[in-house]
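Colleague: Here is how the chains run, residue by residue.
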Amino acid sequence: MRFMLLICGFLLAGGAFAQSDSKAILAKIDAQASFLDSDFSTEIVMTTTKPGEGVTERTIALFRRDREEKYVRLRLKPDSDKGKGYLNIGNNLWLYETVPTRHFTVTSAKDRFQNSNARNSDFTRSTFAEDYKIVSQSKEKLGPFDTTVLNLEAIHDDVTFARTKLWITPDNLVRKKEDYSLSGQLLRTSAMPSYQEFKGRFIPKKVTIIDALMGKTLNGVFRNEVTEYSMGKLSTDPLPSLIFTQSYLEKNSQ
Amino acid sequence: MGGIAWRNFVLQFHRYRVLATALVLGAIVFTVLFGVTESLTRTVREKAARYFSGDVMVLGMKKPADWIIHDEPAIELAFSASDLNIAYHHRRSIYYEYDAKLIFNGVSLVQRRVIGLDFAVERANFSKQEFVEGGLPEGALPEDGLWVSNDTAQRLHLRVGDEVVLMVKTTKGFRNTITLHLVGVFQDSSFFGFASYLDYRTLNKVLARPPEAITELGITLASDGDSDAGAKAVWRHLKSVVPTLPWVGTLDAAYAWSDANNPTVTTYAVLPLSGRLKQINDLIQAIYAVNALLAIVFLLVVAIGVYNTYQMIAFERTREIGTMRALGMQRGSVVSLFLTESLMLGLLSSAVGLLLGAIVLWSLGQIDFSGNLMTQMFLQKGHVAWAWAWPNVLAVVAVMWLTTLTGAIRPALRAALARPVEALRQE
Numbered sequence: 001m002r003f004m005l006l007i008c009g010f011l012l013a014g015g016a017f018a019q020s021d022s023k024a025i026l027a028k029i030d031a032q033a034s035f036l037d038s039d040f041s042t043e044i045v046m047t048t049t050k051p052g053e054g055v056t057e058r059t060i061a062l063f064r065r066d067r068e069e070k071y072v073r074l075r076l077k078p079d080s081d082k083g084k085g086y087l088n089i090g091n092n093l094w095l096y097e098t099v100p101t102r103h104f105t106v107t108s109a110k111d112r113f114q115n116s117n118a119r120n121s122d123f124t125r126s127t128f129a130e131d132y133k134i135v136s137q138s139k140e141k142l143g144p145f146d147t148t149v150l151n152l153e154a155i156h157d158d159v160t161f162a163r164t165k166l167w168i169t170p171d172n173l174v175r176k177k178e179d180y181s182l183s184g185q186l187l188r189t190s191a192m193p194s195y196q197e198f199k200g201r202f203i204p205k206k207v208t209i210i211d212a213l214m215g216k217t218l219n220g221v222f223r224n225e226v227t228e229y230s231m232g233k234l235s236t237d238p239l240p241s242l243i244f245t246q247s248y249l250e251k252n253s254q
Numbered sequence: 001m002g003g004i005a006w007r008n009f010v011l012q013f014h015r016y017r018v019l020a021t022a023l024v025l026g027a028i029v030f031t032v033l034f035g036v037t038e039s040l041t042r043t044v045r046e047k048a049a050r051y052f053s054g055d056v057m058v059l060g061m062k063k064p065a066d067w068i069i070h071d072e073p074a075i076e077l078a079f080s081a082s083d084l085n086i087a088y089h090h091r092r093s094i095y096y097e098y099d100a101k102l103i104f105n106g107v108s109l110v111q112r113r114v115i116g117l118d119f120a121v122e123r124a125n126f127s128k129q130e131f132v133e134g135g136l137p138e139g140a141l142p143e144d145g146l147w148v149s150n151d152t153a154q155r156l157h158l159r160v161g162d163e164v165v166l167m168v169k170t171t172k173g174f175r176n177t178i179t180l181h182l183v184g185v186f187q188d189s190s191f192f193g194f195a196s197y198l199d200y201r202t203l204n205k206v207l208a209r210p211p212e213a214i215t216e217l218g219i220t221l222a223s224d225g226d227s228d229a230g231a232k233a234v235w236r237h238l239k240s241v242v243p244t245l246p247w248v249g250t251l252d253a254a255y256a257w258s259d260a261n262n263p264t265v266t267t268y269a270v271l272p273l274s275g276r277l278k279q280i281n282d283l284i285q286a287i288y289a290v291n292a293l294l295a296i297v298f299l300l301v302v303a304i305g306v307y308n309t310y311q312m313i314a315f316e317r318t319r320e321i322g323t324m325r326a327l328g329m330q331r332g333s334v335v336s337l338f339l340t341e342s343l344m345l346g347l348l349s350s351a352v353g354l355l356l357g358a359i360v361l362w363s364l365g366q367i368d369f370s371g372n373l374m375t376q377m378f379l380q381k382g383h384v385a386w387a388w389a390w391p392n393v394l395a396v397v398a399v400m401w402l403t404t405l406t407g408a409i410r411p412a413l414r415a416a417l418a419r420p421v422e423a424l425r426q427e
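Protein sequences, first through last, are from chains A and B. Going by this note's numbering, the residue at position 147 of the first sequence is 147; the numbering climbs one at a time, nothing skipped. Going by this note's numbering, the residue at position 172 of the second sequence is 172; the numbering climbs one at a time, nothing skipped.
Treat the hints as calculated values from the structure; they're not laboratory data. Note that the structure is a prediction, hence the values are computed from the model and not measured. Please note that the accuracy of each hint is not assured.
To be verified - Okay, derived cross-link-like pairs now, DSSO-like style, lysine-lysine, Cα gap no bigger than 27 Å in a straight line:
#1 Lys216(A) to Lys101(B)
#2 Lys110(A) to Lys63(B)
#3 Lys216(A) to Lys169(B)
#4 Lys70(A) to Lys172(B)
#5 Lys23(A) to Lys165(A)
#6 Lys101(B) to Lys110(A)
This is chain A alone, in the form it adopts within the complex (with noise of 0.2 Å):
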């Protein structure tokens, strides 16, 4: 009996340190991706590619400042697109229109973003261990890399997918991202091959997105469609706190 007890109470601290593990890796991810004692802001280039419809580009200025959950989003390019913006204050989301009239719409982060395939949460700090646990792990050869694959469930229903899965490369980097439905349909992969560092931190050189679902069949062979995003001019100097607010995005679209 005595050594029954034992045995459960070994199995339980050993189950215990495996989760305080493993969300001690989602820590380190999200602290290599997040900008807590800094603001941060980038420019963004990103092509979207559906198949038989063409190239679309975008240019983005990001602005954010992590440690109060704000960001904001500017449309630099295309020129029709001049103007309209995102303003993220804590769980509240609004999309800046300047047509027909100049309006804010409420919007959601897990929306897709400019009818691209990344989603609005694509662009906020990395916050893996606030949003999921790890349901299991395993070991896998990812092309160069040796990687641990985490798949992760949310623990509450604030995050864009249910359902998602990491490759991690041993210093803590996501190469590779599976996001999938509750059901466990396949979304969309996210591949991060290279990253640069910048202050301590690690971002993505190039961020591509293949979406599972979404794509046309061309000379018979299925093509998705194709997002992908680079982030350059990086900067960690302060921001004024002006840019956070409608007025800003009011006021910058004139």
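For this one, chain A is given, so just place chain B on it according to the hints.
Modeller: Quick look at chain B alone, frame taken from chain A:
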């Protein structure tokens, strides 16, 4: 009198020809007009009742909204206790967001409404959909079966048997998907065509609702049923049994009540079909208004024509009237004779008009209007459904007889009042 009137009517028919033609044309126009109107409105109502949950429907209001009906036996009891002539029952679980997507071969299409049916209850009604491909197979239906409109099928290039992904948000807001097999394609490119149908348990599964959850119960009344009166009757029975909203009449008003009162327990709203979609109701009212206007204008034209023609006929027959009076016929008999002739004219013209109108109406029903998207809402399989609006047609026949009588009575009285000698002098 009848024999003399008939003899006169036959002998004088050359004088009545113009009048008879006008009356026949009138009867044709009214038969077609009322028949088409009845067909269009009946079709719209039928489609709307199938799209929404019948003529009378019950929804559960609660904050936060879960839509689930917890008192089904009480609601069913209210339906049966309301002494209504029920044609169909509806039992459904519905996705209330407007972001449901069907995805096939890389292309997605938003559906305005995704309806989970309890086919054990709704099979008979759903089988009335106009299937252009596939349909409702005999026996047990596939759990992952999907039925879409031809418009959706065309846009997604879907064929029966294809695997389609349905993407919705669960009750907790997670994006979720399910793979379904297309079983049937029904014809509807109208407002009601942007709906997909599947088994309610399958929809509950993808929405993460309890497997047997139902969010709408309803009844379709027999064709002569009044949905407003029916809804009120159900509401009166239901309100004494379970928490029920005050009579609100429309869905918007029900939402407003819910926002104002924040019910923490499921409180039921009883709504008539007209309260679900004001635009459809307005459209039907507009059709009736245009119809009534046309009918009044046409009747006025016919009445004036009849009156003038009878004046002429009475004038032309003055000598004949004088002869009859000279032979001893009383004034009252002369008036009766004229009126009987006019009644015969009305009867014969209406009968011929109704017959020809029915033929025109039937011929109209043979024309395929399905190419015109604007008219889809009003058509069945692209055709104007046969509808014989008896009360309206009979009312028109009665009005036409009355018009003929009114047109005949004054000239008949004038002719009867003339002195026989003066009448005989008339050239």
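Colleague: Now tell me if each hint is right for this structure.
Modeller: Hints and how they fare:
no.	hint	result
1	Lys216(A) to Lys101(B)	16 Å, holds
2	Lys110(A) to Lys63(B)	23 Å, holds
3	Lys216(A) to Lys169(B)	24 Å, holds
4	Lys70(A) to Lys172(B)	24 Å, holds
5	Lys23(A) to Lys165(A)	14 Å, holds
6	Lys101(B) to Lys110(A)	15 Å, holds
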